[in-house]
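Given only the sequences and the hints, what does the whole structure look like? Please build it.
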Amino acid sequence: MFKKFTKEDIHSRSNIKSSVQRGLKSKFLEQFPKLEPAIDNVIPKKSQVILIKCEDKISLYYVENEVVLFQHFDDLVPSLRTVHKYPDCFPKVQVDRGAIKFVMSGANVMCPGLTSAGAKLPEESLPKDSVVTIYAEGKENALAIGKLTMSTDDIKSINKGIGIELLHYLGDGLWKLVE
Amino acid sequence: MTEVVAREIIYCDICSFPPEYCEFGGTFKRCKDWLQANHLQLFEKLYSDDALAKATSTLSIEKEQQISRDLEKKQAKEEAKMERELQKKLASKIIIKRIERNRRKHVISISGLEVCNIDMKKLAKTFASKFATGASVTKNAEKKEEILVQGDVSDEAKEYIENLLQEKGLDEVKVEQIDDKKKKPKPTAP
Ligand SMILES: [Zn+2]
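The listed protein sequences correspond, in order, to chains L and A. All residue numbers in the first sequence are consecutive under our numbering, ending with 507. All residue numbers in the second sequence are consecutive under our numbering, ending with 235.
No wet-lab data here; the hints were simulated from the structure. Watch out, some of these pointers could steer you wrong.
Claimed, not checked - Computed list of lysine-lysine pairs in DSSO-like fashion (alpha-carbon distance at most 30 angstroms, straight line): (1) A:142 with A:188; (2) L:332 with A:118; (3) L:504 with A:122; (4) A:150 with L:467; (5) L:467 with A:119; (6) A:74 with A:119; (7) L:504 with A:170; (8) L:420 with A:150; (9) A:126 with L:335; (10) A:188 with L:504; (11) L:345 with L:335; (12) L:335 with L:448; (13) L:504 with L:484; (14) L:331 with A:142; (15) A:126 with L:429; (16) L:331 with A:122; (17) A:166 with L:381; (18) A:74 with L:332; (19) A:150 with A:166; (20) A:189 with A:203; (21) A:219 with L:448.
Note that the structure is a prediction, hence the values are computed from the model and not measured.
See below:
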C-alpha cells in the first residue's frame with residue numbers, strides 16, 4: 329500500500345486531543361496485547377501525537393518526528409521502525425531467504441515461502457486477518473509487515489497462493505518518508 | 046510487569062536499511078565501506094570470513110547463486126544509474142540573475158539550486174538572515190523552484206553557494222551571474 333507513496337500524498341496534519349490519544353493507545357494495545365509493557369515508551373504519556381491524513385484514507389500517526397503506527401481500514405499497524413525497536417511485542421512469521429527480494433519489492437507473501445525449510449510460523453495458531461511482522465531466514469530484524477489472508481493453520485495445510493497481504497516493507501514510500 | 050524499552054538499532058547511512066539487508070539494496074559496495082568505517086563490530090559480524098562461513102541458508106547452491114547473480118546485476122544497474130545522475134548534476138548550472146526593479150533597487154533570482162539537494166525554504170531563510178533582507182521561494186515558468194532575494198547581493202550569494210557546493214563535493218557545478226538590466230530609454234536624436 330505504500331509502494332508509490334510520497335510526500336505529495338499527504339493531505340493534512342493535526343495534533344490529536346489527549347482523550348483521542350488515550351483511545352488510540354488502548355485500541356493499539358487491544359490489537360497487540362504483548363505491547364503492554366512498552367506502550368508508554370512507544371507513545372509517551374507527555375508526547376503529542378500528530379495525525380497525518382493521506383490519500384486513499386491512510387492515516388499516519390507521528391510521535392516525536394517518526395511515524396509510529398498507521399491505520400489501514402480498522403487495523404492499527406506499527407511502522408517498521410517501531411517493530412525494530414520493540415520486536416517482541418508483535419506476532420512474528422519468517423520467510424526463507426529466497427523470498428526476501430520479492431518482499432522487498434513489495435510482493436505479497438506466498439504460502440510456500442512461509443512453510444519451506446528456512447521459514448517459520450508461530451507455534452500458536454494465528455487467525456485470518458491477523459497483522460504480523462515478517463522476518464527472514466538468517467536476519468535479525470523484521471523486513472515487512474502484513475496481514476494474513478488465511479489462518480496460519482490454513483497456510484500450512486493449503487500451502488498454495490497468497491498467505492500474507494503485504495502492508496509495509498523496507499524501502500517503500502512510508503519507510504522513505506522523512507519530515 | 047517489567048517495562049520494555051526500545052532496542053538501539055543501527056541503520057545504514059547509505060541505503061537506510063538495517064545493515065544486514067544492505068545486500069538487497071542497489072548500493073551494496075558503498076554500504077559495506079560505510080559500515081566498515083563507522084561500525085566495525087557490526088561489519089565483522091556480518092562480513093568477516095568467519096561470519097560468512099557460518100551463515101547457513103536452506104536454499105540449494107543453485108538458488109543461492111541465482112540470488113547473487115540477480116543482486117550483482119541489480120547493483121551494477123544501480124551504480125551505472127548513479128554515475129549518470131552524478132554526471133548530469135556536475136554538468137548543471139546555477140544561475141544568479143540580478144534584476145533591476147528600479148534605478149536603486151535590485152532583486153536576485155537564483156535558479157538551478159535543486160542540484161544541491163537541500164530544502165529550498167531553509168536556504169531562502171538562510172539567505173534572508175545572512176543578508177538581512179527578504180527572501181522567498183517561487184516557481185519559475187518551467188515550474189522549477191527558484192529563490193528570490195531582495196537587494197543587490199549577487200556576489201555574496203555566489204560566494205555562499207560556491208562554498209555550499211564545495212561542502213557537497215560538487216565543485217564542478219558552475220555558478221553563473223547574469224545582469225538583467227532594464228533597458229534605458231534611448232536618447233532621442235536632437
Ligand atoms: Zn546499506
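Here is what the structure says about each hint:
For the proposed pair residue 142 (chain A) and residue 188 (chain A), the alpha carbon gap of about 17 angstroms is at most 30 angstroms, so the pair holds. Distance restraint check for residue 332 (chain L) and residue 118 (chain A): the Cα-Cα separation of roughly 23 angstroms lies within the 30 angstroms cut-off, and the hinted pair is therefore satisfied. This hinted pair checks out: residue 504 (chain L) and residue 122 (chain A) have alpha carbons roughly 21 angstroms apart, not beyond 30 angstroms. Between residue 150 (chain A) and residue 467 (chain L) the CA atoms are separated by roughly 63 angstroms; this puts the pair beyond 30 angstroms, and the hint is violated.
This hinted pair checks out: residue 467 (chain L) and residue 119 (chain A) have alpha carbons roughly 21 angstroms apart, not beyond 30 angstroms. Taken as a hint, the residue 74 (chain A) and residue 119 (chain A) pair is honoured in the structure, with Cα atoms around 12 angstroms apart against an allowance of 30 angstroms. Of the supplied pair hints, the one linking residue 504 (chain L) and residue 170 (chain A) holds, its CA atoms being roughly 26 angstroms apart against a limit of 30 angstroms. Our distance criterion of 30 angstroms between C-alpha atoms is broken by residue 420 (chain L) and residue 150 (chain A), whose separation comes to about 66 angstroms.
Taking the CA atoms of residue 126 (chain A) and residue 335 (chain L), the gap is about 23 angstroms. The hint holds against a cut of 30 angstroms. Between the alpha carbons of residue 188 (chain A) and residue 504 (chain L) the distance comes to roughly 24 angstroms, so the proposed pair stays at or under 30 angstroms and holds. Among the hinted pairs, residue 345 (chain L) with residue 335 (chain L) is consistent with the structure: their alpha-carbon atoms are about 24 angstroms apart, no more than 30 angstroms. This hinted pair does not check out: residue 335 (chain L) and residue 448 (chain L) have alpha carbons roughly 35 angstroms apart, beyond 30 angstroms.
At roughly 34 angstroms between alpha-carbon atoms, residue 504 (chain L) and residue 484 (chain L) are farther apart than 30 angstroms, so this suggested pair is violated. Note on residue 331 (chain L) and residue 142 (chain A): the hinted pairing is violated, with a Cα-Cα distance of about 40 angstroms set against a maximum of 30 angstroms. Restraint check for residue 126 (chain A) and residue 429 (chain L): the C-alpha separation of about 20 angstroms stays at or below 30 angstroms, so the hint holds. Proximity of residue 331 (chain L) to residue 122 (chain A) is assessed by CA-CA distance (about 21 angstroms); at most 30 angstroms being required, the pair is judged to hold.
At roughly 23 angstroms between alpha-carbon atoms, residue 166 (chain A) and residue 381 (chain L) fall within 30 angstroms of each other, so this suggested pair holds. Distance check on the hinted pair: residue 74 (chain A) and residue 332 (chain L) sit about 26 angstroms apart at the alpha-carbon level, within 30 angstroms; holds. Straight-line distance between C-alpha atoms of residue 150 (chain A) and residue 166 (chain A) comes to about 23 angstroms, which keeps the hinted pair within the 30 angstroms bound. Restraint check for residue 189 (chain A) and residue 203 (chain A): satisfied, since their Cα atoms lie roughly 19 angstroms apart, inside the 30 angstroms limit.
Our distance criterion of 30 angstroms between C-alpha atoms is broken by residue 219 (chain A) and residue 448 (chain L), whose separation comes to about 56 angstroms.
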